[in-house]
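Novice: Throw the hints in and build the complete structure from the sequences for me.
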Amino acid sequence: GAVVSQHPSRVICKSGTSVKIECRSLDFQATTMFWYRQFPKQSLMLMATSNEGSKATYEQGVEKDKFLINHASLTLSTLTVTSAHPEDSSFYICSAENLGTRNSPLHFGNGTRLTVT
Amino acid sequence: QQQVKQSPQSLIVQKGGISIINCAYENTAFDYFPWYQQFPGKGPALLIAIRPDVSEKKEGRFTISFNKSAKQFSLHIMDSQPGDSATYFCAARWGAQKLVFGQGTRLTINP
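Residue numbers (our numbering), protein chains in the order written: chain A, 1 to 117; chain B, 1001 to 1111.
Since the hints were derived computationally from the structure, they do not count as laboratory data.
These numbers were taken from a predicted model, which means no experiment stands behind them.
Honestly, I wouldn't trust all of these hints.
[As the list claims (entries may be wrong)] Heads up, simulated PhoX-like pairs for lysine-lysine below, C-alpha to C-alpha not over 20 Å straight-line:
(1) Lys1071/B with Lys1098/B
(2) Lys1042/B with Lys20/A
(3) Lys20/A with Lys55/A
(4) Lys41/A with Lys1042/B
(5) Lys1005/B with Lys1098/B
(6) Lys1071/B with Lys55/A
(7) Lys1058/B with Lys41/A
(8) Lys1015/B with Lys1071/B
(9) Lys66/A with Lys14/A
(10) Lys1005/B with Lys1068/B
(11) Lys20/A with Lys64/A
(12) Lys66/A with Lys55/A
(13) Lys1058/B with Lys1068/B
(14) Lys1057/B with Lys1071/B
(15) Lys1098/B with Lys64/A
[Stated by the list, open to error] Looking from chain B toward chain A, a few residues come up when the C-beta cut is under 7 Å (computed):
(16) Lys1042
(17) Gly1043
(18) Pro1044
(19) Leu1046
(20) Lys1098
(21) Leu1099
(22) Phe1101
(23) Gln1103
(24) Gly1104
[Unchecked claim] Distance ranges between label pairs, derived from CB positions:
(25) Thr117/A with Ile1018/B: 38 to 46 Å
(26) Trp1094/B with Ser73/A: 22 to 30 Å
(27) Gln1002/B with Ser54/A: 17 to 25 Å
(28) Pro1111/B with Ser73/A: 40 to 48 Å
(29) Ala1045/B with Pro86/A: 26 to 34 Å
(30) Glu52/A with Ala1029/B: 19 to 27 Å
(31) Ser89/A with Lys1058/B: 22 to 30 Å
(32) Met1078/B with Asp65/A: 44 to 52 Å
Glycine included, C-beta positions come from ideal geometry on N, C-alpha and C.
Specialist: In structure tokens:
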């Protein structure tokens, strides 16, 4: 079945450094990927929609200069948290859509736990 | 109008019982209603989904009931097992637009 791989699963970084999270669709092409943030015991909050070959669309209140998204190929999107601060600590999850399948569902990665010290 | 309201926030069910989680929406343009299951530290996994042209869909022990006129849909887990203990999210979407999630229900199945 369709699989979305997210890497790393966990990362700890110091304040002020940048962290890159990768999201790959392993067996299908994804023209669109979505990036979510999830706080403990809360729902998923959409941060941005990543479109292959074009600029990402950010949700209201999400700082595009802090959360840099690149979708350079049909199988890879990256989220870079720049100049990370402790309040950026969260669970980041990506999802991808297999547009080659009619009525395709969204598949989610296993998330990245970011801890900023 | 973009919201999907989910209830209850938490639910405890005895093993073998039926777990029922409800969701309501406002946007009549929504045409896809999935349910996701999420275990701690993992991403959500698609459990079952329905489109508004049917009123019910069943896959194994999981059933979605859909009431288009009331703009409500629910997940029923029959013969609930301890392994079903997880957080469940309903969601809604129209076309290729973004998925709108409910608030989540933390389900605990007592052995």
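Novice: Quick one: which hint numbers does this structure break? Sort them smallest to largest.
Specialist: 6, 7, 8 and 31
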